[in-house]
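Protein chains in written order, with my numbering: chain A, 4 to 912; chain B, 6 to 119.
Incorrect hints may appear among the rest.
[What the hints assert, rightly or not] Quick partial rundown of chain B residues pointing at chain A, CB under 10 angstroms, derived from the structure:
#1 Y36
#2 L57
#3 G72
Just so you know, these hints were derived from the structure itself, not from any lab. Each residue gets a CB set at the ideal place from its N, CA and C atoms; glycine is no exception.
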Amino acid sequence: MPDWKRIIRERMARLNLEGAAEADRIEEFAGHLEDRYRELLSAGADEPRAYRETIAELEDLYPLRQSTAALPRASERAVAGEQRGGTWLYDLGRDIRFAARGMRKSPLFVLFVVLTLALGIGANATVFTVINTLLLNPLPVPKASSLIAVAQQRARDRSQARTALPLSYPDFVDIQTKNTVFASLAGYSSAQVLTFQEHGDSERLFCELVTGNYFATLGLNPARGRFFLPEEDGVPGEHPVAVINYGTWQSRFGGDPQIIGKGIRINGLVFHVIGVAPPRFIGINAIFGPDLWIPAAMMEQLFPNQLQGALHDRNKTIFLGAGRLKTGISVAQAQANLSALAADLAREYPGTNEGRGVMVLPVRDILFGNSMQTTSGVMMASAGLLAVVAIVLLIACSNVANLLLARAAGRQQEIAVRLALGASRVRLVRQLLTESVILGLLSGAAGLAVAVGGLRLLFSSLPSSSNFITPKLDLTVFAFALLVSIATGLLFGTIPALKASRTDVADSLKEESRSVGRSRAKVNIAKVLLVAQVAFSFLLLVIAALFLRSIGHAYAMDPGFQTAHLDVFMTTPGQAGYNETRAKAYFKEARERIERLPGVAALAWSSNLPLWARPMSGIEVAGREKRSRADQLSAIVNTIEPDFFDASGTRLISGRAFYESDQKNTLPVAIVNEKFARDFWPNGDAIGKRIQLPGEKMERQIVGIARNASYTNWAEPPQLCVYVPFEQHYVDTMTLWVRTRGNPEPLVPSVLGQLHTAGPQVFVDVRTGKQIIQGGLFQARVGVGLLSVFGFLALGLASIGLYGILAYSVAQRRREIGLRMALGAGQSSVLRLVLAQGMRLVATGVVIGLVAALLIGRALSRMLYGVGGSDPLSILGAAALLLLISLAACYLPARRASRVDPLIALHEG
Amino acid sequence: MPPTSPDQEWKKGSAELLVLSLLEDQPRHGYDISKMIQLRSQGFLRFHVTSLYPLLYKLEERGWIEGHWVEKPEQRRRRYYALTQEGRKVLRAQRKSWREFVTAMGRVTGVEHA
Chain A
4 MPDWKRIIRE
14 RMARLNLEGA
24 AEADRIEEFA
34 GHLEDRYREL
44 LSAGADEPRA
54 YRETIAELED
64 LYPLRQSTAA
74 LPRASERAVA
84 GEQRGGTWLY
94 DLGRDIRFAA
104 RGMRKSPLFV
114 LFVVLTLALG
124 IGANATVFTV
134 INTLLLNPLP
144 VPKASSLIAV
154 AQQRARDRSQ
164 ARTALPLSYP
174 DFVDIQTKNT
184 VFASLAGYSS
194 AQVLTFQEHG
204 DSERLFCELV
214 TGNYFATLGL
224 NPARGRFFLP
234 EEDGVPGEHP
244 VAVINYGTWQ
254 SRFGGDPQII
264 GKGIRINGLV
274 FHVIGVAPPR
284 FIGINAIFGP
294 DLWIPAAMME
304 QLFPNQLQGA
314 LHDRNKTIFL
324 GAGRLKTGIS
334 VAQAQANLSA
344 LAADLAREYP
354 GTNEGRGVMV
364 LPVRDILFGN
374 SMQTTSGVMM
384 ASAGLLAVVA
394 IVLLIACSNV
404 ANLLLARAAG
414 RQQEIAVRLA
424 LGASRVRLVR
434 QLLTESVILG
444 LLSGAAGLAV
454 AVGGLRLLFS
464 SLPSSSNFIT
474 PKLDLTVFAF
484 ALLVSIATGL
494 LFGTIPALKA
504 SRTDVADSLK
514 EESRSVGRSR
524 AKVNIAKVLL
534 VAQVAFSFLL
544 LVIAALFLRS
554 IGHAYAMDPG
564 FQTAHLDVFM
574 TTPGQAGYNE
584 TRAKAYFKEA
594 RERIERLPGV
604 AALAWSSNLP
614 LWARPMSGIE
624 VAGREKRSRA
634 DQLSAIVNTI
644 EPDFFDASGT
654 RLISGRAFYE
664 SDQKNTLPVA
674 IVNEKFARDF
684 WPNGDAIGKR
694 IQLPGEKMER
704 QIVGIARNAS
714 YTNWAEPPQL
724 CVYVPFEQHY
734 VDTMTLWVRT
744 RGNPEPLVPS
754 VLGQLHTAGP
764 QVFVDVRTGK
774 QIIQGGLFQA
784 RVGVGLLSVF
794 GFLALGLASI
804 GLYGILAYSV
814 AQRRREIGLR
824 MALGAGQSSV
834 LRLVLAQGMR
844 LVATGVVIGL
854 VAALLIGRAL
864 SRMLYGVGGS
874 DPLSILGAAA
884 LLLLISLAAC
894 YLPARRASRV
904 DPLIALHEG
Chain B
6 MPPTSPDQEW
16 KKGSAELLVL
26 SLLEDQPRHG
36 YDISKMIQLR
46 SQGFLRFHVT
56 SLYPLLYKLE
66 ERGWIEGHWV
76 EKPEQRRRRY
86 YALTQEGRKV
96 LRAQRKSWRE
106 FVTAMGRVTG
116 VEHA
């Protein structure tokens, strides 16, 4: 004998009665079924058949139609009388079991919901992980928020007032020793390029020079070995020791357990590894950090050319400070103390320090580089992206809500039976919401998988290196995903649950499932949701199109040098231990060898790598009146060989290029760019005028004017630039610019081969013109990529929603359509009717989206290259795409409507 | 039973009358009621659990019938429903109007009733 009570509990758990009332009813139904079963058996049925027929009693959800009003709910009486403590948890367990059973019954529905929401939640979790990594806790350091940075401030230069500039080492040491506010203050340099040599091969590594108390101030513990001892940052050149980045240890040295005490050869010197930094620590940087940390006392030995004299030279500014204040000291007090120290320094060393201030700021403001604008830019971009993915999730939610509304219409009778049998509305809503939240949680789990994939994709666009930040999928992200999933479940479940539970028992038991008037209201909510979806998708598409057009313009912009036939090769022979004579011989031999390669049109050495140049300050223009001693000119200084203009494609506007005859013992010469010439000699008579570079005794005569180019950033506003001949201005870090006759890529290996022959120990880094542009537009490309992905995601979701709602509405209106056709409406007019119904919604959404796009476009126009915020092509393109896709989404249900057989449709009624 | 079969339309107004009539002579439990309906209609009318009990609870709620759990030796306990005083009144009234309705129908359609 089957356990009827158990079967009823399983099948009719949806009654959700409480306490004794439930038990009584189940007993009564069970008795009924048992009687029926016995009777069937005694009438000669076999057991399976008897079971089937008995069970059919429960599955018949089209019961007797009744004409009277609803009963007061049994459980409402129960609530008034007895409310037992354990019930809540008991009900929850039952709701979950019941929801799970319901889901097993409609796997396609569950699949659709989970996929839709997983995309939305995944997009949110991805963006949130990035924010969590970059902004929420970028520094894996104890009490990171109490870390205070110290930097130089150009007090008189208002444009740089909010830029945290580095300090010179002697300035830093003075501040470190004389301040009265810091409990501990450490100094660190920006990342410096090193040449690492092993088994005769060279490789590029990055290091930061740090003061001996660096790790102690941050409060870190080594993963292996130890950190610096105070004496190791004492006597210059005495202690060649290094701490290695955990990622570098793992990837470059294969996690070698013997790393501690190992000697590594960098820039021709042997340093001993004394410790490994903790995992994930990449210095005081948000995105990119060094492979090694080296005591500041070693800097002149390690970089004999670049940093010669930097331990004492107040002009060589490469250090930032980071420290912890004494207890009870405020940031304002610290600022006052350090400002006084800076004023003392300016009095003591007016030649270098006049006009220099010191600024105190939270460390998080300098994690993204020295400008606080960068940090706020990152925050803005993050907020923008978060808003975009939130919209995508809202679209996904409203899609699912629509689907649930349609399903609720299908479940109306089931729900009515449960209400008639005494289930309370509160219990019903709770149970329907339990279903939604479970769906939300399932989607959240799938969404995390989507996020892991998305993050992998996103971070794979970074160059593969052990010293880039790794995405931080930690508890915060899980908590965020959990919260979003539950909120999602409640969001898409609430309206349908409330609506479904408001089902009037009598009405819906009486009415047919396709009742017209009632569903209209349901469709109306759905319509509003749909219009909002279309509007948001349109908005996202327009923004994506704007950025796409903008990046197209940016690619097409002329940077002032040719990129189509360009290869550049960066070399640092000085770091391979070459002195000036040997380095010059290397440059010469390499040029002569490569000149002979077929396919090479022109080549020249230049000190600047395209888009990586940094301005040098202290340039003097003869005859220019300075407003103060601190009024210093900054310009890009590029040391070049005579053929540079030919190789780079930068045009000379007037005057001459450098000649081989411009030598050390001849007239010092310079070429300036257009901006330099216009700014100082607006009458066009720059040629023949004189300028002086910092550290040089002789003035240089201007012999030519070159076109402006982009030096630091792609499509930047013009900067001042000075070119000087290599023979008159030696630099040991040079880049070979090669102009090729054809495709620049195939030539790379043979050029590298010749460079290696000329100097086997010199590390060489290569880029093609195309890679230079892509590097320059990296952020823009990532931005456009993300916006496009999210835009298309939104469009896809909205068109699925459109399709769903029209298909549902066509199903609801079958009789009406059948009637129209019976009365003589043709197939094409029915097609038009349904298409018009869908496209009216789309058009409304597009109009609303257009208004929003115009408003937001105005705010965005500052970030766009050569495209207005209301670019008609972007708007029209987005509109065309959206209309086309929605037309397709409307067409399928419309065609189905036009094929309704009037006879069948009317008979069904 | 398909949702749109014609006998449902017919049952719509008469289900209450059916149940009340069956309880006129003696209290009956739910299964007994459904069986009686099936037997007396010679299989033409059938009630399932999902349709019968909502109706019973509704009639009980209105005070027309009353349910009691009855335990008999050697048997499961069952819930018996009995007609209340008010139920009897309602039954009489419904019977009367039903008779009038059927007579009227018969006159119009020319179908004689028994």
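Quick rundown of the hints versus the structure:
1. Interface hint status for Y36 (chain B): upheld, as the beta-carbon distance to the closest one in chain A is roughly 4 angstroms, under 10 angstroms.
2. The closest approach between the C-beta of L57 (chain B) and any C-beta of chain A is roughly 8 angstroms, which is under the 10 angstroms cut-off, so the hint is satisfied.
3. The criterion of a C-beta within 10 angstroms of any C-beta in chain A is met by G72 (chain B), whose closest approach is roughly 9 angstroms, and the hint holds.
Checked against the numbered hints above, the structure violates none of them.
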